[in-house]
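Given chain A's structure and the hints, the job is docking chain B onto it.
What follows is each chain in one-letter form.
There are 2 protein chains.
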Amino acid sequence: MLSKRIVIIGGGFGGLYAAKNLVKSGAHITLIDKRNFHLFQPLLYQVASGGLSPGDIASPLRAIFKRYQQIETLMAEVLDIDLANKKVKLADRELGFDYLIVATGSTHSYFQHPEWETFAPGLKTIEDALEMRRRIFRAFEQAELCQDPEQRAAWLRFVVIGGGPTGVELAGAIGELAHYTLKNDFRQFQSAETEVLLLEGGPQILSAYPPDLAQAAVRKLNQLGVTVKTKTLLTELDAHQIKVKSGDQVSHIRTETVLWAAGVKASPLGAILAKASGAELDRQGRVQVGSTCALPNHPNVFVIGDLAHYTFKGAPLPGVAPVAMQQGKFVARWIRADLAGKNHPKFRYFDKGNLAVLGRNAAIAKFRRLKFRGFPAWLVWALVHIHYLIEFDNKVLVSLQWGWNFLTRKRGARLISQKSDERS
Amino acid sequence: MLSKRIVIIGGGFGGLYAAKNLVKSGAHITLIDKRNFHLFQPLLYQVASGGLSPGDIASPLRAIFKRYQQIETLMAEVLDIDLANKKVKLADRELGFDYLIVATGSTHSYFQHPEWETFAPGLKTIEDALEMRRRIFRAFEQAELCQDPEQRAAWLRFVVIGGGPTGVELAGAIGELAHYTLKNDFRQFQSAETEVLLLEGGPQILSAYPPDLAQAAVRKLNQLGVTVKTKTLLTELDAHQIKVKSGDQVSHIRTETVLWAAGVKASPLGAILAKASGAELDRQGRVQVGSTCALPNHPNVFVIGDLAHYTFKGAPLPGVAPVAMQQGKFVARWIRADLAGKNHPKFRYFDKGNLAVLGRNAAIAKFRRLKFRGFPAWLVWALVHIHYLIEFDNKVLVSLQWGWNFLTRKRGARLISQKSDERS
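Protein sequence lines, in the order shown, are assigned to chains A and B. Sequential numbering from 1 applies to the first sequence in the working numbering. Sequential numbering from 1 applies to the second sequence in the working numbering.
Looking at chain A on its own, in the form it has when it is part of the complex (with noise of 0.2 angstroms):
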């Protein structure tokens, strides 16, 4: 008899943690992603304020899996799927499969307005966070060079849209690059002038977080000059500057970087998965899959992870990691009770609860009803995102990194890369 054929695509985190406890399964596995590598997207941001190098967050994906001969490897393009014949089309290839994983996650989201892009990079990629890492730089050595004190401070203030962990993150590490880094690096100014301003639309930041951890987390951004304005909508937006509203008040306010933490959408291949099974699509794009992640009328076909609308206990579940993993995980089990004819598991989801770092050396950490904040949650914080890059190899150099870092207040990776337009 011929192997069963299983064909997962993505190789983030749901992906990764279907393939890996899949490898015993006596199926042949193929994973396709754009990418040779998967991206520790929680560090992203580490890497946009130059923190860590690319390299650092990456694993190639074919490393991960050299040993395991019945794993396939595919740098590709899923171009489509057909579920009735149960193909999934490539360039110029096409694989057959018996049990199809679709893991392809999100992407950054301007809803109606996706000229704003260009003005304000988001954070889902590498040259995503390569971009912002160079945006925020250059702006720091253009306000050295710039002998207008209004332009020199329209680039030291930074706006930050979204009042979200990656917003968040992302408005602590400017704080820190500007009252710790960068300290004594510039002669024409104080980088402590630096301004930045992180931006939230509801009532408070960090919604997933009960009341008082996010105010605790605002205390701590306005020590690393954060301003943070809940209330306030982006209405406009250019090269130079933002128009926001608050309430009926409207502002302009003058800058040259704003950096784009808003909103998420799902990846394309979920609105191809729904008009083939009939499936519904949320607002943001994902599909609403059953109680095993299976697509309707299709069981061998499962979405996970940030592409799925997955309902637990009356809420769909967040698209964070853990999430996608414990899924990738599930489904893995549910394959190989069905190919071993065993009964299939059902899926309960276990909250592992919420963590968010606050510049150098302080977070706030949820877990059911425990709360904790500072020092300690920035430990555990680390703790666990070490804990989860030792899977990826990449445990050794980050965590020296970041010993280095933490005892130097240093950002090696602190360079600006030109585009490739702009070579010289």
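These aren't lab readings, by the way, just hints derived from the structure by calculation. Some clues are possibly wrong.
When chains are identical, the list treats them as one kind, so a pair holds in a single copy or across two.
[Claimed, not checked] Derived DSBU-like pairs (lysine-lysine); straight-line CA-CA distance at most 30 angstroms:
| no. | residue 1 | residue 2 |
| --- | --- | --- |
| 1 | Lys4 | Lys243 |
| 2 | Lys20 | Lys371 |
| 3 | Lys89 | Lys183 |
| 4 | Lys34 | Lys124 |
| 5 | Lys329 | Lys265 |
In this text, all values refer to a predicted model and were calculated from it rather than measured experimentally.
The following block gives chain B in isolation, referenced to the frame of chain A:
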């Protein structure tokens, strides 16, 4: 009395050593570079082959000088130099100087074929190295995807043009990848099937070395799967094949990856200086300078490093880091003596020998009459490079990464970054 103004253009080895040795001169120093970092160019080939991240070999210039208030660093492009009025022109600013040091180095040259750059990237900047890395690792990925054996062989054939140290190091690094690092990574082929061709126009690779050492290098390269072809000229080049001429014999070679390590030309500031001062330019565009590195009739304007044509004992000094460092240090001493009204020093070049690395643990070294090779030469190479990296504070990380790579043969920085116009 106002302090004297020294302007240094270029933050490479020459400019950096000049600045460091002028710290105590009492003058006000402005260091101008297009980029915000010093690049440790001798290790650029390791970025191109995925062994190191760009951040590992780049040091922010203003971090190097943060403690010295008398040194101002500007990230800007110099558009013109007005020798008569002693002014350096930036985009929207002019800087006056009493002493000027120009050390803007060189870039790669495609001789009469600028159109070749698209098909065969060179290796002078971080972006160049990332483009090479992208092409090298993409070729292996395409070979895995590809189902036509001839096309797969073309993806697995790498051609390096130019048998100088850079070409030899690149070819050795790709051989190392194919034979060790990527072993077992692919399912459709054995990575040892990879062919690396190193093409050299002259009769010997590594022309700065005696023939027996060059022969030893060829043998070591052969062990890594590299075929060395001397007296072979590239005559045509497109995206899928090359045409080469060896004596009367012309051959076509299918390949998807051609890397350029053949020629250099000096930075365009050389021509501006030559025109303004009456200095001569050599064939590579380098400025002929006098015994103090100064321009004719402009004793306070110095050209050093790869941009200078300095005749020493009847021959021009080579474009290598030790020359730039020694000239930077010398010019600083000359200016300090001048400021103090003391006798001017004379430049004496101290030849520190030559070192070229061949794969993971071999090198060849020549120091005056002393020649050695193999692992001892590699150890010297590693120690020398770490020693120079000390000053730029990346030593710890680089040596750790090397230790790690050496033990595991892994390469963590293998990511295929996309060009910015291909972002998804």
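Okay, the hints, checked on the actual structure:
In this homomeric assembly, Lys4 and Lys243 never come within 30 angstroms of each other (Cα to Cα): the closest approach is 56 angstroms inside a single copy and 46 angstroms across copies. Taking the shortest Cα distances, Lys20 and Lys371 never come within 30 angstroms of each other, neither inside one copy (33 angstroms) nor across copies (51 angstroms). Taking the shortest Cα distances, Lys89 and Lys183 sit within 30 angstroms of each other only across copies (28 angstroms), while inside one copy they are farther apart (53 angstroms). Proximity of Lys34 and Lys124 under a CA criterion of 30 angstroms is satisfied in both settings, with 14 angstroms inside one chain copy and 28 angstroms between copies.
In this assembly of identical chains, the alpha carbons of Lys329 and Lys265 lie at most 30 angstroms apart only when taken from the same copy (24 angstroms versus 56 angstroms across copies).
The structure fails to meet hints 1, 2 from the earlier list, while all remaining hints are met.
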